[in-house]
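K.L.:
6 is the number of the first residue of the sequence shown in the working numbering; add one for each residue after it.
Where hints are given, some of them may not hold.
The list that follows gives simulated cross-link-like pairs (lysine-lysine, DSSO-like), each with its CA atoms no further than 30 Å apart [unchecked claim]:
#1 Lys28 x Lys57
#2 Lys159 x Lys114
#3 Lys227 x Lys114
#4 Lys114 x Lys223
#5 Lys175 x Lys198
#6 Lys205 x Lys175
#7 Lys198 x Lys227
#8 Lys57 x Lys131
#9 Lys223 x Lys24
#10 Lys227 x Lys175
#11 Lys175 x Lys28
#12 Lys199 x Lys159
#13 Lys28 x Lys227
#14 Lys66 x Lys198
Cβ pair distances, simulated, as ranges [to be verified]:
#15 Leu39 x Lys159: 20 to 30 Å
#16 Gly212 x Asp164: 17 to 27 Å
#17 Glu209 x Gly29: 41 to 51 Å
No wet-lab data here; the hints were simulated from the structure. Positions of the beta carbon are idealized from the N, C-alpha and C atoms, including for glycine.
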Amino acid sequence: MVNAVLYSGGKDSTLALHKMAEKGIEIDLLITMLSKNEHSYMFHYPNLRYTKLQAEALGIKQVFSSTEGEKERELDDLRESLAENRVSMLVTGATYSEYQASRINRICKELGIEHAAPLWHIDPLKELDELARDFEAIITSVSAEGMDQAFLGKRIDTDIIMRLQDVNRKYGVNMLFEGGEAESFVLNAPLFKKRIQVVKARTEWNGVSGAYFIEDAKLIGK
Numbered sequence: 006m007v008n009a010v011l012y013s014g015g016k017d018s019t020l021a022l023h024k025m026a027e028k029g030i031e032i033d034l035l036i037t038m039l040s041k042n043e044h045s046y047m048f049h050y051p052n053l054r055y056t057k058l059q060a061e062a063l064g065i066k067q068v069f070s071s072t073e074g075e076k077e078r079e080l081d082d083l084r085e086s087l088a089e090n091r092v093s094m095l096v097t098g099a100t101y102s103e104y105q106a107s108r109i110n111r112i113c114k115e116l117g118i119e120h121a122a123p124l125w126h127i128d129p130l131k132e133l134d135e136l137a138r139d140f141e142a143i144i145t146s147v148s149a150e151g152m153d154q155a156f157l158g159k160r161i162d163t164d165i166i167m168r169l170q171d172v173n174r175k176y177g178v179n180m181l182f183e184g185g186e187a188e189s190f191v192l193n194a195p196l197f198k199k200r201i202q203v204v205k206a207r208t209e210w211n212g213v214s215g216a217y218f219i220e221d222a223k224l225i226g227k
């Protein structure tokens, strides 16, 4: 049987993987859901094809599973992928979203799979401080009041954390983006054998939301 991470390439799924490694639990597989809907309720959208570089940097096998990204129906695609890949434990980066966690729990219960969510109800500042210290994670989309295009492509560091605290106070934005307020992508992490260098990227902004799209990237030495 297989220990798998539901892997988006973002800060939460990458940190969750590291937390399991700290517990001595080996991860055999990364499952990345390729959604055709940029407004998916469950899964990340931008830059997913570059998770291949993360998988290579981690030295962990990866599988991609496609989904139309339709609300609720996308869960059937996840269920099928878990069954096909003989998953016995599923690790997710869930932090506070009851919507996502309840649905993952239901699927895992149906399939007899253990669901591990090592970041569940983590203190937001504790997670962000760990990311700023040990990881290189950049913000790849924003869609919340108070978050502008200046966030796009920026590394989550002490300055960004201060800005996130400010928008949290003013607008109630979830600092971990659990409600889809933003998305992220990890370029380097403690378990990466190499780091990812973005060679080319573009930013799109429509006045209220936007995304940072990686167009070319490669692995380089750390």
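K.L.:
Now tell me, hint by hint, if it's right for this structure.
P.N.:
A quick look at each hint next to the structure:
1. Lys28 x Lys57: Given pair Lys28, Lys57 holds - Cα atoms ~25 Å apart, limit 30 Å.
2. Lys159 x Lys114: Outside the cut-off at roughly 38 Å; violated.
3. Lys227 x Lys114: violated, 40 Å
4. Lys114 x Lys223: violated, 39 Å
5. Lys175 x Lys198: violated, 40 Å
6. Lys205 x Lys175: violated, 34 Å
7. Lys198 x Lys227: holds, 7 Å
8. Lys57 x Lys131: holds, 28 Å
9. Lys223 x Lys24: holds, 26 Å
10. Lys227 x Lys175: violated, 38 Å
11. Lys175 x Lys28: violated, 37 Å
12. Lys199 x Lys159: holds, 20 Å
13. Lys28 x Lys227: holds, 25 Å
14. Lys66 x Lys198: Given that 30 Å is the threshold and the Cα spacing comes to 14 Å, the pair holds.
15. Leu39 x Lys159: 20 to 30 Å: holds, 25 Å
16. Gly212 x Asp164: 17 to 27 Å: holds, 24 Å
17. Glu209 x Gly29: 41 to 51 Å: holds, 42 Å
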